[in-house]
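Student: Take a look at the letters that make up each chain.
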Amino acid sequence: MRFNLFRQLDGAESGGTAATSPLLAPPHAAHQEPTGPIKIQTRDVSVFYGDKQALFDVSVDIPDKAVTAFIGPSGCGKSSFLRCLNRMNDTIPIARVKGSIRMDGEDIYDKALDPVLLRARVGMVFQKPNPFPKSIFENVAYGPRIHGLTENKTELADRVEQSLKRAGLWAEVADRLDAAATGLSGGQQQRLVIARAIAVEPEVILMDEPCSALDPIATAKIEELMDELREEYCLVIVTHSMAQAARVSQRTAFFHMGELVEFDDTETIFQNPRDKRTLDYITGRFG
Amino acid sequence: MLLIYLLVLAVFSTAVFVLARRAARRRATVVKAHSAAGYHGAWALIWAAVPALIILILASTFDARIERTVLIASAPEAVQALDAPRRAAFIEDARIVGAGGMPRQIWTGDLSTALQEEAARASRVDGALAWGGLIAAILAALIGAGLAWRQTRPEFRARNRVEAFVSVALFACSAVAILTTIGIVASLVFESLRFFQTVPITEFLFGTQWSPQIAIRADQVGSTGAFGAVPLFVGTFLIMVIAMLVAGPIGLFSAIYLAEYAGPKRRAVIKPVLEILAGVPTVVYGFFAALTVGPSFRAFFNWIGAQLVGGPLDGLGQHLLLVQNQMALVAGAVMGIMLIPFVSSLSDDIINAVPQSLRDGSYAMGATRSETIKRVVLPAALPGIAGAFLLAVSRAIGETMIVTMAAGLAARTTLNPLDTVTTVTVQIVTLLTGDQEFDSAKTLAAFGLGLTLFVVTLILNFAAQRIVQTYREQYD
Ligand SMILES: Nc1ncnc2c1ncn2[C@@H]1O[C@H](COP(=O)(O)OP(=O)(O)OP(=O)(O)O)[C@@H](O)[C@H]1O
Ligand SMILES: [Mg+2]
Numbered sequence: 001m002r003f004n005l006f007r008q009l010d011g012a013e014s015g016g017t018a019a020t021s022p023l024l025a026p027p028h029a030a031h032q033e034p035t036g037p038i039k040i041q042t043r044d045v046s047v048f049y050g051d052k053q054a055l056f057d058v059s060v061d062i063p064d065k066a067v068t069a070f071i072g073p074s075g076c077g078k079s080s081f082l083r084c085l086n087r088m089n090d091t092i093p094i095a096r097v098k099g100s101i102r103m104d105g106e107d108i109y110d111k112a113l114d115p116v117l118l119r120a121r122v123g124m125v126f127q128k129p130n131p132f133p134k135s136i137f138e139n140v141a142y143g144p145r146i147h148g149l150t151e152n153k154t155e156l157a158d159r160v161e162q163s164l165k166r167a168g169l170w171a172e173v174a175d176r177l178d179a180a181a182t183g184l185s186g187g188q189q190q191r192l193v194i195a196r197a198i199a200v201e202p203e204v205i206l207m208d209e210p211c212s213a214l215d216p217i218a219t220a221k222i223e224e225l226m227d228e229l230r231e232e233y234c235l236v237i238v239t240h241s242m243a244q245a246a247r248v249s250q251r252t253a254f255f256h257m258g259e260l261v262e263f264d265d266t267e268t269i270f271q272n273p274r275d276k277r278t279l280d281y282i283t284g285r286f287g
Numbered sequence: 001m002l003l004i005y006l007l008v009l010a011v012f013s014t015a016v017f018v019l020a021r022r023a024a025r026r027r028a029t030v031v032k033a034h035s036a037a038g039y040h041g042a043w044a045l046i047w048a049a050v051p052a053l054i055i056l057i058l059a060s061t062f063d064a065r066i067e068r069t070v071l072i073a074s075a076p077e078a079v080q081a082l083d084a085p086r087r088a089a090f091i092e093d094a095r096i097v098g099a100g101g102m103p104r105q106i107w108t109g110d111l112s113t114a115l116q117e118e119a120a121r122a123s124r125v126d127g128a129l130a131w132g133g134l135i136a137a138i139l140a141a142l143i144g145a146g147l148a149w150r151q152t153r154p155e156f157r158a159r160n161r162v163e164a165f166v167s168v169a170l171f172a173c174s175a176v177a178i179l180t181t182i183g184i185v186a187s188l189v190f191e192s193l194r195f196f197q198t199v200p201i202t203e204f205l206f207g208t209q210w211s212p213q214i215a216i217r218a219d220q221v222g223s224t225g226a227f228g229a230v231p232l233f234v235g236t237f238l239i240m241v242i243a244m245l246v247a248g249p250i251g252l253f254s255a256i257y258l259a260e261y262a263g264p265k266r267r268a269v270i271k272p273v274l275e276i277l278a279g280v281p282t283v284v285y286g287f288f289a290a291l292t293v294g295p296s297f298r299a300f301f302n303w304i305g306a307q308l309v310g311g312p313l314d315g316l317g318q319h320l321l322l323v324q325n326q327m328a329l330v331a332g333a334v335m336g337i338m339l340i341p342f343v344s345s346l347s348d349d350i351i352n353a354v355p356q357s358l359r360d361g362s363y364a365m366g367a368t369r370s371e372t373i374k375r376v377v378l379p380a381a382l383p384g385i386a387g388a389f390l391l392a393v394s395r396a397i398g399e400t401m402i403v404t405m406a407a408g409l410a411a412r413t414t415l416n417p418l419d420t421v422t423t424v425t426v427q428i429v430t431l432l433t434g435d436q437e438f439d440s441a442k443t444l445a446a447f448g449l450g451l452t453l454f455v456v457t458l459i460l461n462f463a464a465q466r467i468v469q470t471y472r473e474q475y476d
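Going line by line, the protein sequences match chains A and B. Residue 1 is where the first sequence starts when you use full-length UniProt numbering, and the numbers rise one by one after that. Residue 1 is where the second sequence starts when you use full-length UniProt numbering, and the numbers rise one by one after that.
The set of hints was computed from the structure by calculation and includes no laboratory data. Here a beta-carbon is modelled for each residue, glycine too, at the ideal position from N, C-alpha and C. Take the hints with a grain of salt, since some may be wrong.
[To be verified] Quick list of simulated restraints, FRET-style, between CB atoms:
{"id": "1", "chain 1": "B", "residue 1": "ASN416", "chain 2": "A", "residue 2": "ASP110", "range": "58 to 64 Å"}
{"id": "2", "chain 1": "A", "residue 1": "PRO93", "chain 2": "B", "residue 2": "GLU275", "range": "19 to 25 Å"}
{"id": "3", "chain 1": "B", "residue 1": "TYR261", "chain 2": "A", "residue 2": "GLU161", "range": "32 to 38 Å"}
{"id": "4", "chain 1": "B", "residue 1": "LEU382", "chain 2": "A", "residue 2": "ASP158", "range": "27 to 33 Å"}
{"id": "5", "chain 1": "A", "residue 1": "HIS240", "chain 2": "B", "residue 2": "PRO272", "range": "37 to 43 Å"}
{"id": "6", "chain 1": "B", "residue 1": "VAL11", "chain 2": "A", "residue 2": "PRO93", "range": "58 to 64 Å"}
Work out the full structure, taking the sequences as your base and the hints as a guide.
Tutor: So, in structure tokens, the structure goes:
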């Protein structure tokens with residue numbers, strides 16, 4: 001079943017003009033497709049920065065082979081929660097995380113677990129593309145090199161090529177792999193960073209507003225890419241674009257003031273939100 | 001005296017300022033004034049103070065000179081007959097006596113009586129000059145104030161005038177700085193050219209003999225002097241390399257520790273301490289090198305030498321000490337310690353300028369902290385760090401005090417760190433301290449060395465700044 005945010009909302013308010021917004025059409029009508037089993041399970045996760053609590057008791061089940069979107073007004077704790085999932089909060093000295101987070105049933109905050117190994121399994125893409133000041137090739141080869149994933153040069157070159165292909169960047173950079181990565185356009189840089197994350201073959205890819213610095217065409221490319229990656233990975237994205245969440249995600253979580261207000265199928269969130277705050281947010285009445 | 005004049009002038013011009021401001025306010029009630037009253041006041045103040053100030057300064061700078069010229073021109077026969085230096089000394093004594101002091105020399109016969117007359121005349125001329133200057137200054141202040149006062153009309157554009165004056169004054173200040181520098185460089189170049197007329201520049205740059213002491217009598221040893229500066233360059237280079245071997249790694253590693261490992265608390269302690277170290281006067285490092293490090297290094301290396309090779313024995317049956325207090329290693333090591341805070345504080349700034357997003361990107365790939373530093377942070381910071389090192393090198397070769405106290409004077413072309421060597425700066429110091437004739441090749445050689453040093457440090461600083469600059473732009 002295809003759904004449309006505005007039709008539903010319009011229907012609620014003005015009695016139903018059935019205009020279909022092309023913006024909100026999912027690229028591959030992704031939403032009916034079944035999601036995989038639960039990949040990450042969080043229970044009562046709270047985040048503190050010093051004495052200030054930024055996140056309150058968040059419990060979600062994030063499915064594998066699907067895109068899960070976090071939405072909510074600025075400062076509501078989306079990034080903080082996302083950073084819990086690969087323990088990037090460990091790099092912030094004043095941050096503390098409480099509660100339990102299990103990935104494939106394994107507690108990722110277990111004392112015995114090395115966060116460095118966890119981060120090899122949970123890749124992350126940031127809001128602003130952050131390629132290293134090295135060549136395009138070296139950027140993608142970075143992960144395989146530090147984790148010793150390849151035996152020799154040809155294997156490494158193969159893996160770089162595969163990753164760039166999966167990130168949809170190969171055609172554009174195949175002839176200039178030795179050029180500086182910082183010379184690419186913003187959209188290309190963001191896909192390069194995704195290729196860099198893919199190159200270590202993670203199980204989960206976290207993306208924190210990956211398109212907010214990009215133009216609509218580059219955004220469309222990244223969204224297409226997310227939709228493809230969904231077939232193999234567990235994707236979690238933070239976005240400020242309602243339309244983007246509706247287009248690419250299967251599950252959506254709405255955060256407000258550090259609390260998880262609602263977590264459900266994307267369809268349900270946008271068509272039948274249970275909470276008034278969710279409705280207000282997705283219709284643009286606050287936030 | 002001058003101080004009192006200045007004080008009076010300050011009070012007067014302040015009064016002018018207040019009055020002009022009041023007048024401007026009063027006159028502006030009918031027509032709307034172009035400028036705020038304060039600008040009219042400031043304009044009047046400028047006119048009251050600046051011309052008078054210039055006259056006072058000129059008068060106090062030149063009055064002694066004018067007085068001398070007047071006195072010499074009208075001196076009696078007996079004085080005119082003296083040769084120039086004696087005459088100058090006589091006039092000087094006349095002025096001293098005229099001011100109520102004791103003459104420095106004993107003048108006999110005609111000169112003795114002439115001295116009394118001249119002294120009386122000197123004190124008259126002195127008085128006239130002082131009064132003349134004062135009256136001129138007072139007149140200038142009054143006329144200036146009067147002129148400005150008449151301009152205190154509502155339509156007068158006092159603000160634009162005052163702003164133009166301020167900008168001219170500011171420009172004059174920066175011009176003074178630039179002109180002085182140009183003057184210094186010009187004299188350096190000029191005197192060096194004179195030096196290179198006596199000693200060919202090729203001999204200076206490539207000659208390997210340095211013995212600038214020219215004997216007074218032609219039959220003594222070393223009557224000609226040799227000005228081949230290669231030993232000095234080698235010595236400077238050797239000490240610089242030793243200093244950088246100490247300061248480079250230690251400075252860089254402490255910068256890495258500060259920027260990447262130390263928490264905010266430790267950083268808050270260590271950073272200021274390093275900055276205090278950077279403020280230790282180099283002369284303190286100098287005597288630290290000469291009195292502490294030098295003797296202990298000598299003892300240590302002589303002991304090693306004795307263990308290793310035995311070596312000749314002296315009259316008391318002890319090993320002859322082959323290593324002296326003054327050696328390149330001591331000067332270089334202490335200079336390196338001096339440079340540590342310099343290198344670490346610059347490198348720390350540069351490492352901190354590497355965007356946090358790059359570190360996050362690396363951590364998110366599952367890299368450890370040391371991998372992140374080694375593979376992302378340092379490569380990203382490398383150009384900037386290279387610039388910091390170049391600045392440190394330029395300081396090392398220009399450093400004077402430590403090498404003067406700890407390196408020695410023997411101009412030897414050696415790369416042995418345990419040898420005594422000398423540097424460009426040390427030689428400049430020895431060439432110019434003590435009694436000198438300004439024209440001798442020996443004195444002029446200092447200018448040649450100074451110019452060489454200047455050119456090298458200029459190039460280094462320029463390169464370093466360019467590197468650091470482009471590095472900054474990369475991340476802005
Ligand atoms: N490093 C930090 N130190 C202190 N407080 C922080 C830090 N990072 C986030 N916070 C605080 O935690 C709260 C949640 O921030 P977070 O970045 O998770 O919000 P967000 O939902 O991602 O917002 P945005 O949409 O603007 O990115 C905010 O109040 C913020 O001030
Ligand atoms: Mg955020």
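Student: Each hint needs a verdict: does it hold in this structure or not?
Tutor: Status of each hint after checking the structure:
1. B:ASN416 <-> A:ASP110: 58 to 64 Å: Holds: the Cβ-Cβ distance is about 59 Å, inside 58 to 64 Å.
2. A:PRO93 <-> B:GLU275: 19 to 25 Å: holds, 23 Å
3. B:TYR261 <-> A:GLU161: 32 to 38 Å: holds, 37 Å
4. B:LEU382 <-> A:ASP158: 27 to 33 Å: holds, 30 Å
5. A:HIS240 <-> B:PRO272: 37 to 43 Å: holds, 42 Å
6. B:VAL11 <-> A:PRO93: 58 to 64 Å: Because 59 Å falls inside the window, the suggested range holds.
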